[in-house]
Amino acid sequence: MAIHSQVWKACFGKPADGIEKSVEKEDEYMIIDNDPPITRYISVPKDMDQLSCSALTAGIVEAVLDGLGFPARVTAHSVPMPNLPHRTLILIKLDQSVLEREEALKST
Numbered sequence: 016m017a018i019h020s021q022v023w024k025a026c027f028g029k030p031a032d033g034i035e036k037s038v039e040k041e042d043e044y045m046i047i048d049n050d051p052p053i054t055r056y057i058s059v060p061k062d063m064d065q066l067s068c069s070a071l072t073a074g075i076v077e078a079v080l081d082g083l084g085f086p087a088r089v090t091a092h093s094v095p096m097p098n099l100p101h102r103t104l105i106l107i108k109l110d111q112s113v114l115e116r117e118e119a120l121k122s123t
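Mapping the sequence shown onto my numbering, position 45 (from 1) lands on 60, and the numbers just tick up by one.
It should be emphasised that the hints constitute simulated quantities derived from the structure, not laboratory data. The model shown is predicted, which means the values in this text are computed figures rather than measured ones. Where hints are given, some of them may not hold.
[Said to hold, decoys possible] Below 30 angstroms or equal to it, Euclidean Cα-Cα: the simulated BS3-like pairs (lysine-lysine) are:
no. : residue 1 : residue 2
1   : Lys40     : Lys121
2   : Lys61     : Lys121
3   : Lys40     : Lys108
4   : Lys24     : Lys108
5   : Lys40     : Lys29
6   : Lys108    : Lys29
7   : Lys108    : Lys121
8   : Lys36     : Lys121
My request is simple: use the sequences and hints to build the entire structure.
Spelled out as structure tokens, the structure:
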């Protein structure tokens with residue numbers, strides 16, 4: 016998946032810090048960004064702590080995937096760590112049609 020490297024670099028000037036495939040669900044991938052540029056200069060009020068400023072990033076990823084023929088539901092989740100307070104995980108859940116298409120391609 017070139018999204019975490021090429022698309023990320025085109026949008027944010029650097030590749031994402033990682034991408035992982037879920038070991039539990041075959042339709043899920045996670046892009047990890049330890050310091051998303053989009054959140055660096057945003058202060059979220061304490062009463063809005065559930066707000067994910069990286070929702071825009073999730074929308075970009077979803078649009079790129081859809082344009083490439085990989086419909087998916089993409090969401091952003093803050094997963095801060097003591098030394099990485101802005102760490103964000105972009106969760107990609109591929110549409111069932113993608114899995115069916117890939118399975119059909121394997122059998123040809």
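Verification of the supplied hints:
1. At roughly 19 angstroms between alpha-carbon atoms, Lys40 and Lys121 fall within 30 angstroms of each other, so this suggested pair holds.
2. The straight-line distance between the Cα atoms of Lys61 and Lys121 is roughly 49 angstroms, outside the 30 angstroms bound, and the hint therefore fails.
3. In summary, the hint linking Lys40 to Lys108 is supported, as the alpha carbons are separated by about 9 angstroms, within the 30 angstroms threshold.
4. This hinted pair checks out: Lys24 and Lys108 have alpha carbons roughly 22 angstroms apart, not beyond 30 angstroms.
5. Between the alpha carbons of Lys40 and Lys29 the distance comes to roughly 28 angstroms, so the proposed pair stays at or under 30 angstroms and holds.
6. Distance hint between Lys108 and Lys29 is fulfilled; the C-alpha atoms sit about 23 angstroms from each other, no more than 30 angstroms.
7. Taken as a hint, the Lys108 and Lys121 pair is honoured in the structure, with Cα atoms around 20 angstroms apart against an allowance of 30 angstroms.
8. With a CA separation close to 19 angstroms, the supplied pair Lys36 and Lys121 stays within the 30 angstroms bound.
Consistency note: the structure conflicts with earlier hint 2 alone.
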